[in-house]
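Participant: Numbered per the numbering used here, the sequence shown spans residues 495 to 827.
I should point out that these hints are in silico values taken from the structure, not numbers from a laboratory. Some clues are possibly wrong.
[As the list claims (entries may be wrong)] Straight-line C-alpha distance at most 25 Å; calculated DSS-like pairs for lysine-lysine:
1) K792 - K706
2) K570 - K823
3) K815 - K570
4) K827 - K747
5) K570 - K756
6) K827 - K570
7) K827 - K815
8) K756 - K823
Predicted model, so just to flag it, every value in this text is computed and none were measured.
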Amino acid sequence: MEYYSAIKKNIFESVLMRWMKLEPIIQSEWNQTTLVDFILLGFSDIPDLQGFLFGVFLIMYMIILMGHSLIIIITKMDPSLQTPMYFFLGNFSSLEICYVSVTVPRLLIDLCSQSRNISFLACAAQMYFFLVFGATECLLLTSMAYDRYVAICNPLLYPLLMNSRLCIQLAAGCWVSGVPVHIVLTYQIFSLPFCGSNQLNHFFCDIPPVLKLACGDTLITETLVYVIAVLVVTVPFMLILGSYVRIIETILKLPSATGRAKAFSTCSSHLMIVALFFGSGLITYLRPKSSHSIRMDKFLSLFYTIVTPMFNPMIYCLRNKEVMVALRKFLLK
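My request is simple: use the sequences and hints to build the entire structure.
Facilitator: Next up, the structure:
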């Protein structure tokens with residue numbers, strides 16, 4: 495009996511030792527597979543300002559919705575604005591409403607609630623739509639720059655080149671092009687293993703803070719992010735710069751000072767929006783990972799997700815006499 499008891503004891507100890515060796519691996523796998531949501535920390539580090547921030551962001555969101563909605567209405571209704579330039583402007587305003595509505599409503603909910611949890615699926619969906627609308631904005635701003643290039647550098651060919659069919663094709667291409675690319679990118683990011691903390695130190699699911707929570711080697715994913723950022727952000731930005739170099743050269747050759755002033759006024763608003771949007775985007779996604787800081791990331795994200803879209807209608811209205819006249823007529827009606 496003592497012999498069999500000793501055998502049982504040895505078997506039990508052997509199984510126990512094996513379990514103790516396997517437990518960290520099992521626990522690690524459990525942590526990676528059972529992390530089903532994130533916690534968006536947002537601005538929880540300044541609890542005394544939650545109400546104030548809610549009020550500020552709500553007012554900014556309402557300004558964005560009203561400003562861009564007015565632009566959409568007047569570009570559709572006013573006969574004098576039925577041109578390619580204002581067709582793209584109407585598309586741009588529709589896009590801005592979609593772009594802002596991906597992040598701001600969720601931010602407002604988090605500011606007035608204790609629970610800041612966001613599921614994996616909701617986080618992936620938010621990131622996907624944010625990236626798709628951001629890519630669409632880059633391409634649409636490029637199309638608007640091409641429209642200005644043709645109008646100023648080839649005015650005689652403008653009605654022929656910028657016909658309604660081409661405008662619709664360009665706009666549709668801008669809206670659709672980013673869809674397959676960002677499906678792949680979002681899938682790649684959320685296929686990474688996530689372990690440890692699930693606290694996302696941001697106010698929405700952006701790429702840099704999500705990648706910080708990923709385990710293992712993220713080199714392939716980071717390389718993919720840089721490649722897509724170059725294709726979607728840097729290449730359109732360079733095309734816009736090239737267009738405006740040619741535009742400025744053409745404007746400076748105009749004999750009339752009045753003509754030069756009018757040409758500059760139609761381009762300056764678009765150029766200001768390009769500088770605001772692309773500047774913050776390039777700094778966020780193309781700077782080295784080592785230089786990322788939480789505060790700077792949040793500030794830049796606020797700039798290109800809320801501040802720039804809020805100022806865009808003001809820039810277009812205040813610097814464009816045709817839009818101002820159409821807006822005045824609409825408000826008087």
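Participant: Please work out if K570 and K823 have their alpha carbons no farther apart than 25 Å.
Facilitator: With a Cα-Cα distance of about 14 Å, the restraint between K570 and K823 holds, given a limit of 25 Å.
Participant: Compare the distance between the alpha carbons of K570 and K756 with 25 Å, and conclude whether the hinted pair is satisfied.
Facilitator: Distance ~24 Å between K570 and K756 Cα, so the pair holds.
Participant: Run the distance test for K756 versus K823: straight-line Cα separation, threshold 25 Å.
Facilitator: It holds: about 22 Å lies between the C-alpha atoms, which stays within 25 Å.
Participant: Straight-line Cα separation of K792 and K706 no greater than 25 Å?
Facilitator: Given that 25 Å is the threshold and the Cα spacing comes to 14 Å, the pair holds.
Participant: Regarding the pair K827 and K815, is the alpha-carbon distance no greater than 25 Å?
Facilitator: It holds: about 18 Å lies between the C-alpha atoms, which stays within 25 Å.
Participant: Mind checking the alpha carbons of K827 and K570 for me, to see if they're no more than 25 Å apart?
Facilitator: Holds - the C-alpha atoms of K570 and K827 are around 15 Å apart, at most 25 Å.
Participant: Within 25 Å, alpha carbon to alpha carbon, are K827 and K747?
Facilitator: The given pair, whose Cα atoms are some 41 Å apart, is violated under the 25 Å limit.
Participant: For K815 and K570, compute the direct alpha-carbon distance and say whether it is at most 25 Å.
Facilitator: holds (17 Å)
This entry does not satisfy hint 4, going by the numbered hints stated previously; all others are met.
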